[in-house]
Amino acid sequence: MTLFNLKGYGWMLWEGVQLTVLVGVVSMAVAILLGLVGAWGKLSGSQVARAIAGTYTTMIRGIPELVMILLIYYGVPTLIQDIFDVNIDFNPFIAGVATIGFIYGAFSTEVFRGSYLAVSRGQIEAAKATGMNRNLLFRRILLPQMWRFALPGLGNVWMVLIKATALVSVIQLPELMRNADIASRATRLPFTCYFAASLIYLLLTVVSMSLQQRAEVWANRGIRRT
Amino acid sequence: MDISIIQDSIPRLLHGAVTTVELTAVSLAFGLCLAVPFAIMRTHRNPLLWMPVYAFNFYFRGTPLLVQVFLVYYGSGQFQIFLTQVGLWTFFQQATFCAVLTLTLNTAAYTCEILRGGIEAISFGEIEAARACGMSGLLLYRRIILPKAFRLAWPAYTNEVVFLLQATSLVSIITVMDITGVARMVASRSFAFYELYITAAILYLILVYGVLSFFRKVEYRLSGHLRHPSLR
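Residue numbers (the working numbering), protein chains in the order written: chain C, 1 to 226; chain A, 1001 to 1232.
Source of the hints: derived by calculation from the structure; they are not laboratory data.
Be aware that a few hints might be false.
[Stated by the list, open to error] With the C-beta cut set under 10 Å, the calculated list includes, among others, these residues of chain C facing chain A:
#	residue
1	M59
2	R61
3	L176
[To be verified] The following residues of chain A were derived to be distant from chain C, with all beta-carbon distances above 12 Å:
#	residue
4	R1012
5	L1032
6	T1043
7	H1044
8	R1045
9	L1049
10	F1060
11	Q1085
12	L1088
13	F1124
14	S1136
15	G1137
16	T1180
17	A1187
18	L1226
Quick reminder that beta carbons are idealized off the backbone N, C-alpha and C, glycines included.
In isolation and in its complexed conformation, chain A is listed as follows (with noise of 0.2 Å):
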């Protein structure tokens, strides 16, 4: 066990954790853009609207991220010239931007499936009364529908959450340099595979159970009408 290792790799660790609760953060937001209105969509009765979302819910959710992930980075290539062409290209060369887009894209797809789940569970009669009160459309979505349907899927939206902060680890493979690509290139340079290895490990289960204890506080804020009043 050599800990001077560990010790001095810590900072450089540290900065990739950083970069981990980034690529989460920002995947997670953009990624909850794109799975609002695809799981409005995905309940809607129009084929030509659910079928599409369906579709792309069912490729995200149905094939290993690392495929998807590899499809992005390297598959981009063999379009280079179109890609040139268009002036997407610097973004595409970028593993960063790949990473980010990739993983977008992987959690708006389970996202939404989960706010469907939500949005489902909603009982006709409070649709039915705010459409009674004459909410329509977009006034109905916005103050019934949606905020009823971010409270029931928290539960599942946390485990979604954790398993994106997990599954970012994947990026290190195009050279990302989070918390699993600096343990990577520290290890295959000084051979101290299970100290590098085991600090990670353990940075992840900090950064875990952190986001899972915040989770939980946010959900217990949010269920406060739901408790019996001895327990508040």
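So here's chain C without its partners, still in its complex pose (with noise of 0.2 Å):
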């Protein structure tokens, strides 16, 4: 089985998913402030947030993720040079955290715009009506309805983010796709290493699916179907 022998680099992989995990757990986090954040601006009453949001989920829908990256990781630190004179280097972590979850930010802005508005009307009038203020709202009304509404696109984004990770090798982030490439560099194997490391993708993806769908199940407890 010489096709499947990883001659002892699999522990490498191992680090490398423990990493990708951390870095989508991470930037999914970042995904959902930044959604949240970003369908608040959109569904907002002022016109300026309204166009800054309305840019960003434009702007990132037109963008590729790879052009991005680079320009976060190697155009940012030159821009603040440029303008301040001062030096800075970015972590690749922190970088690629902060493209990913940006990029899925807009992605996800959409999802809670929607979710927000399946909100029956009526709900959010009555609980104006009981008095309750624009915070209060939020907390205990939308938010926990919210939630469930927008399961479904949230657990999208996630499949396609923990995917999109595989792009921060290019920022040499010794995650699973930097460790896949690496070792196939040193065992010269290069069609065992990457297949390998697509498998574990696949696993991902797998094991994200049944989360979701029980979450969905756990979310859904309670309410009627019609």
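Now that you have both chains on their own, put them together as the hints suggest.
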């Protein structure tokens, strides 16, 4: 079985998976936060907030992830250097998480916007009528329900996001893809190493799918299906 | 900000943009040719037909495109002796061939699932009516199912085209000189990183929204029969 012998580099892929999952989870948290802020901007009465949120989602949808990563990791430090004349170096982890979170924040903006609009108007009016202020309304009425409507969409965002973390390998962060790259050079078995990596990504997708299904069942408990 | 570097690199970036558009168009065309028979197999009752397509789609949709690109471009090196014997090695040596091959397989998998959605959304009544008129097999697909499925799948296919257009930027990693490839090369030589990447980003934005508006126009034309007469 020379085709499937990783020559002792399996542990490297395992270490890579851990970092891939970490990058994925932290980026997803950033994306959810940005998504909530973005959705608030898109739905807000203020024209400035709407314009900013609109520009954000429009731009992200039109720029490839790779260009964004290169722009943030290599471009932003030189831009800051040119303007403020200070030298900064980005840590690849922070740059990767910031980029992926920023990109998928735009996608979750649309998810949260849709889930806000799915909450029935009557409930919001009722909450206002009982005297809840905006924070309380958000915390008690909107968030618990938006969460449920947003879950399928967020699950899709996560599925695409975890695959997008492979791109962080171009800025030398030792996640799964980067480690598979190193292993393929060391063992001179590129097909074996990349195929192993692809199967691990496939496994991550399968696990995410089953977790998503369970989360949806849990979130929809006690809800009558019409 | 170094404007002169941007001005100097514009012709080369535009050349890269042509490569990007060519890669997208060729992969889309080949991908669609694969996706149509795949979608028909995918919706077939016989497990021997739908299961292989299901596995293919599952693999290509469940793994990152970057891994697929590396698997084809670098991975083929592991089978160099075999590929030389069958005379395919000259193809796999070229980055462009590997790029088109991977993008084609990737978009075929996504397009197949989109078309499957379209095929499954066609009402039974239409298929029954076609059968009652005596259509069978190929004729039924050619006249009724596929045109209807394409119409239904068009908005989703538009998204796939936009994703593929952006995904082509990945092939710059295997030395194909598309927009991103040119931007990376010029940036690493001149150290004008943000100038070039922002220019590249703007080029992609123009391409993406150009493609979007074109596909929306086609969608408008395709849905003429569904619009209210007052809107025509």
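What hint numbers does the structure not satisfy? Hint check: 10, 16, 17 fail, others pass.
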